[in-house]
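Chains as they are written, first to last, in this note's numbering: chain Z, 43 to 290; chain S, 132 to 363.
It is worth saying that the hints were derived from the structure and are not from the lab.
We treat Cβ as the ideally placed atom computed from N, Cα and C, and that holds for glycine.
Take these hints with a grain of salt, some might be off.
Computed from the model, here is a short list of chain Z residues facing chain S with C-beta under 10 Å [as the list claims (entries may be wrong)]:
no. : residue
1   : Thr113
2   : Gly140
3   : Ala247
4   : Phe251
5   : Leu257
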Amino acid sequence: MITDIFHILQDNWLLLLIGQYPNGPLGGLAITLLLSVAGLALAFPVSVLLALGRISPFAMLRASAAAIIYTVRGVPLVMFIFWVYFFVPLLIGTTISGFTTMLVTVVLYEAAYLAEVIRAGIEGISRGQTEASRALGMGYGQTMFKIVLPQALYNMLPAMVSQFVSTIKETSLGYVISVNELTFAANQINSTLLTKPFPVFIMLALIYFVLCSMLTQLARWLERRISKRRTGKPAISTTAVNAVTAAA
Amino acid sequence: MSIKLDFSVLLREDYPRLIIEGVATMLQLTGYAWLLAMALGILLALLRMTRNRWAERVVAVYVEYHQNVPMLVQILLWYFGVPTLLPDAMQLWFNQRHSEFLFAIIAVGMCMSAYISESLRSGIRAIPTAQMEAARAHGLSYLKASRLVILPQALRIALPTLVSHSVLLFKNTSLAMAIGVAELTYATREIESQSFHTIETYLLTTAIYLGISLLIMAGGAALENHYRIKTR
Numbered sequence: 043m044i045t046d047i048f049h050i051l052q053d054n055w056l057l058l059l060i061g062q063y064p065n066g067p068l069g070g071l072a073i074t075l076l077l078s079v080a081g082l083a084l085a086f087p088v089s090v091l092l093a094l095g096r097i098s099p100f101a102m103l104r105a106s107a108a109a110i111i112y113t114v115r116g117v118p119l120v121m122f123i124f125w126v127y128f129f130v131p132l133l134i135g136t137t138i139s140g141f142t143t144m145l146v147t148v149v150l151y152e153a154a155y156l157a158e159v160i161r162a163g164i165e166g167i168s169r170g171q172t173e174a175s176r177a178l179g180m181g182y183g184q185t186m187f188k189i190v191l192p193q194a195l196y197n198m199l200p201a202m203v204s205q206f207v208s209t210i211k212e213t214s215l216g217y218v219i220s221v222n223e224l225t226f227a228a229n230q231i232n233s234t235l236l237t238k239p240f241p242v243f244i245m246l247a248l249i250y251f252v253l254c255s256m257l258t259q260l261a262r263w264l265e266r267r268i269s270k271r272r273t274g275k276p277a278i279s280t281t282a283v284n285a286v287t288a289a290a
Numbered sequence: 132m133s134i135k136l137d138f139s140v141l142l143r144e145d146y147p148r149l150i151i152e153g154v155a156t157m158l159q160l161t162g163y164a165w166l167l168a169m170a171l172g173i174l175l176a177l178l179r180m181t182r183n184r185w186a187e188r189v190v191a192v193y194v195e196y197h198q199n200v201p202m203l204v205q206i207l208l209w210y211f212g213v214p215t216l217l218p219d220a221m222q223l224w225f226n227q228r229h230s231e232f233l234f235a236i237i238a239v240g241m242c243m244s245a246y247i248s249e250s251l252r253s254g255i256r257a258i259p260t261a262q263m264e265a266a267r268a269h270g271l272s273y274l275k276a277s278r279l280v281i282l283p284q285a286l287r288i289a290l291p292t293l294v295s296h297s298v299l300l301f302k303n304t305s306l307a308m309a310i311g312v313a314e315l316t317y318a319t320r321e322i323e324s325q326s327f328h329t330i331e332t333y334l335l336t337t338a339i340y341l342g343i344s345l346l347i348m349a350g351g352a353a354l355e356n357h358y359r360i361k362t363r
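Generate coordinates for the entire structure from the input sequences, incorporating the hints supplied.
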């Protein structure tokens with residue numbers, strides 16, 4: 043069994059890492075990471091806007107942000123992928139690649155989840171901060187972007203790392219629409235070998251496991267460090283981290 | 132861009148049957164996987180509470196694995212990989228029956244049990260140990276103290292995350308389509324490829340998913356409200 047896994051890795055490590063790259067499209071782990079990093083980075087500004095909408099003083103904005111977030115949280119990611127797959131080409135008039143489809147999906151999906159993380163961060167900053175900065179003559183924008191958000195985002199750093207882990211796991215669904223990412227590469231290997239499904243998929247699981255659990259450890263370390271810095275005491279629980287890693 | 136919606140298409144052919152069977156399969160999958168996840172989750176949380184180093188370690192590895200590997204990969208591993216480890220007679224038995232449904236339940240249930248055990252554990256940890264000591268001092272046995280004093284409070288604390296994990300479990304049953312379980316997402320794809328009425332088909336099933344998700348969330352909110360400690 044272990045020798046099987048070793049042999050498969052030895053024969054296919056390049057395919058798993060970068061796909062058929064120099065002679066074909068980039069794929070494998072490189073695409074998984076690219077999708078996750080770009081997806082989360084692009085989702086970030088959208089999620090800040092959604093979070094601000096969610097706690098804005100205007101009922102209309104609050105309601106529409108809440109509607110968007112609840113809709114995204116109530117529909118499976120696979121359904122989102124198919125929506126983007128069929129409707130983005132319809133909207134813009136040209137076909138888009140599997141990679142773009144997956145990227146758009148990840149951005150839309152993650153924006154809603156990240157928005158709730160950021161909202162929790164903003165609500166965790168005491169009202170006194172806002173009041174003090176308003177009293178000093180700063181407007182809403184300045185208060186939000188110079189006082190509240192920097193602190194909120196710093197506090198939410200561990201949760202955002204967890205969200206990155208979720209995103210990596212979500213990109214595995216690219217397999218369903220044949221995006222050349224890690225899960226797809228493993229399936230290619232499986233269909234060429236035919237007789238070794240267990241070693242192939244356990245190897246795939248282990249690759250994700252190593253990658254994601256390293257990031258989870260990083261999130262825990264950040265959480266301990268941040269809470270020590272803020273309260274002078276060690277962290278009590280990792281619930282905040284665990285609650286958000288749940289997606290996909 | 133103007134699109135005419137014609138939902139009557141969905142009543143043609145055997146589409147209504149496909150949708151209804153899809154919903155039924157989805158609900159069955161959700162129900163069985165939820166029961167498995169809850170049972171395993173409670174067991175894991177209890178094992179982790181025993182303060183036995185080995186039990187704790189095994190549970191920690193189990194939880195880490197299931198939280199850090201994509202559920203789709205876990206499903207693929209169960210469906211394609213695990214049967215090959217079994218003796219031939221059992222493989223044949225699985226192939227003759229709809230093994231994809233069974234493996235989907237196992238994969239989804241086991242994956243979510245990790246999350247459920249974590250939220251139960253953090254609920255239990257939030258109860259001060261003095262509560263247990265006080266209950267024992269009053270003459271309750273360990274089990275009675277757990278059942279009557281600790282668990283009711285721990286469950287109240289864990290409820291919000293349990294509900295969100297239930298929604299997640301429900302949504303993630305859609306991944307079973309990857310191994311050919313004819314649940315709602317699978318049925319949607321079938322109908323879409325036969326009828327070419329993409330928008331109507333997807334609108335309907337998205338609405339079904341959203342409706343059930345919101346129902347679970349609302350049910351959870353009602354439960355939380357019911358069990359909230361009334362304060363003035």
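Hints, one by one, checked against the model:
1. Thr113: holds (6 Å)
2. Gly140: violated (15 Å)
3. Ala247: Holds, about 5 Å.
4. Phe251: holds (5 Å)
5. Leu257: With a minimum Cβ separation of about 8 Å from chain S (threshold 10 Å), the hint on leucine 257(Z) holds.
The structure is inconsistent with hint 2 alone, although it conforms to all the rest.
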